[in-house]
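**Student:** Construct the entire structure; sequences and hints are all you get.
So the sequence lines, in the order shown, correspond to chains A and B.
When we follow my numbering, the leftmost residue of the first sequence carries the number 1032, and every step to the right adds one.
When we follow my numbering, the leftmost residue of the second sequence carries the number 9, and every step to the right adds one.
Just so you know, these hints were derived from the structure itself, not from any lab.
Some clues are possibly wrong.
Chain B regions said to be covered by chain A (calculated; three or more residues, Cβ under 8 Å) [what the hints assert, rightly or not]:
no.	stretch
1	198-205
2	248-258
3	417-428
Note that this is a predicted model, so its numbers are computed, not measured.
The beta-carbon is built from N, C-alpha and C at its ideal position, and this holds for glycine as well.
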Amino acid sequence: MNKQIEPSGFFELSHTADVALFVWAADLPTLLIQAAKGMNLIMGIKPAEVTPEPQLLHIPTHGKDKEEVLLAFLSELLFIVDVERMTFREIGITWGEAAVTVQMAMVPILFQKIMMKAATFHNLAIQYETNHYQVTIVFDI
Amino acid sequence: MAIPLSSLKRISDYEWEIPVSFNQYMRVPVRFFATHKILESIADDLSLTQAVNAASLPGLVGNVVVMPDIHQGYGFPIGGIAASLYPQGVISPGGIGYDINCGVRLLASKIPLKTALPSLEELSLALDRYCPSGVGAKGGIRLNEEELKQLCRQGSRWALKKNAASEEDIRFTEDAGCLEGADPSCVSDRALKRGADQVGSLGAGNHFIEIDVVEQIFDEKSATAFGLEVDCLVLQIHSGSRGFGHQICTDYVQEFQSVVRRYKIEIVDRELVCAPLDSPEGQAYLAAQRCAANYAFVNRQFLAHQARKAFSQVFETRFKNHYLRQVYDLAHNIGKIEKHTVDGKLIKVCIHRKGATRSFGPNSPEIPEDFRQSGQPVLVPGSMGTSSWVLAGTDAAMDKSFGSACHGAGRLLSRQKSKRAVSGSDIRDNLEKQGIHIRAGSLAGLAEEAPSAYKNVDEIVDVVIGAGLARRVARLRPLVVVKG
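**Tutor:** So, in structure tokens, the structure goes:
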């Protein structure tokens, strides 16, 4: 499988009513970044070619497992897409003890093909296999 | 893992059961309305597994009921109904869905098809203009926070105050367009921000506005009660609570991840998270869900108001009596407190309908006086380009399915598979060859929504009729489809 060649990535899986994404990465911050990129690809988001603006997000981690943190992060991005009509050109994540800090370079969305209602918890389980993390995320579109 | 069909017990030609003994987690049986052919079509997916998982929730009564348009969702299957004892049972956001009060509104006119034919293209353009649709589309009005909160509390009555609704519209809306007990203080700032400018917008995906002609009437008396005339135009609106509802569900699904731990509720799928109805968390979600439901009623009301403007613009000088009169508006993703008879006793339950429609029979006090002879209208839109159905609710539905019926054709193929099988331009060309005017946001979207991606709606309706959950009233044929 490609994941043995690429250290991180994602691909779309078939799911009857909605869409699913398989994501893998060597570490959790990269897993989140790949999940975000995959989600943007599914939505068919095309960013505008303008100077990006920095934006910071803090996702508290206290009392949350890894899956809850992942979904809280993706849900924040969906909120920004829907309300601010903005997306990231670049993204960096630090997974601290109290919070995940997300640094993004944001640009307006030029075009979006698909509206996504939510990232779901359906069968959501971040697993560690050999030398990487992997997860399948089902999205409601 | 998919459930082997041999595990199902045949009750009748249209009813099957997965007994409680099938699996140690089940608290109630699963009762599935389907033909053997429909069963075979879902044999390889996880829809029935999801129904079995749903049957594990605490406080459930009766059966988990599954409709013939079932398809695999996340947590609960789409096309499912579950009832939990009130207030001792639980409420689960996954049993209602992210698009809270996604539903259908049907309006009827006295415009004959012959008169309308030359104007259909113009009408499709007018509808496209008056009813914002597609990804990122905003509604015509922007609400401040206080206005949005009033809308949440008042539902369709808020639209009446804004001159976008009539008393008749409200009378012919499920629950008069307002679930009582909506509390905006239980809604997050995020949800309020998302809802501020989306009232009066269609959305995207499988949401649509469709003009049909009443092709055949099967029950004249009920059709008259509903205001339907053969060969006359009708209009369907399929939309929901937009980003407002999606955010509310997201917020509570996330919050309930810790709630199930707090109340020591074991669940087999994290999308089945829930809270006891008599807990502050359960009451908060119920109150927030009601806000989203009311938002969706208002959203469809504004879309109807705009559609009426489109009709006026086109028909003002061509056909005097062009008013679109409301037939009914009903929800197919909702959680409500209703009274049902279970094991001979009338009890209060929290009914969860996810991809299922209310189908109350004659004499039900909850439906308008106008429908006490016929039963309430039950609206079953087909997939793009295929027939839609108007049915009437029955007393048998009250006994068998918590007064519920199917909501549509139900997906057969994933969006990916559908896009691989057909092209959007072929779909558009085929529809146009059938004389159907189509306005769509994207060709890819058309391919995802191809008729071949859905079950046959006529077969779905045959099941609910055969099982006695509804009666045929009229069949509609599409003429114009506006998709997001």
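**Student:** Look at each hint and say if it fits the structure.
**Tutor:** Quick rundown of the hints versus the structure:
1. With a threshold of 8 Å between beta carbons, the proposed coverage of the stretch 198-205 of chain B by chain A holds, since 3 of its residues qualify and at least three are required.
2. Only residues whose beta carbon comes within less than 8 Å of a beta carbon in chain A count, and the stretch 248-258 of chain B has 5; three or more means the coverage holds.
3. Check on the stretch 417-428 of chain B: 7 of its residues sit with their Cβ under 8 Å from a Cβ of chain A, so the three-residue criterion for coverage holds.
Hint compliance for this structure: no hint is broken.
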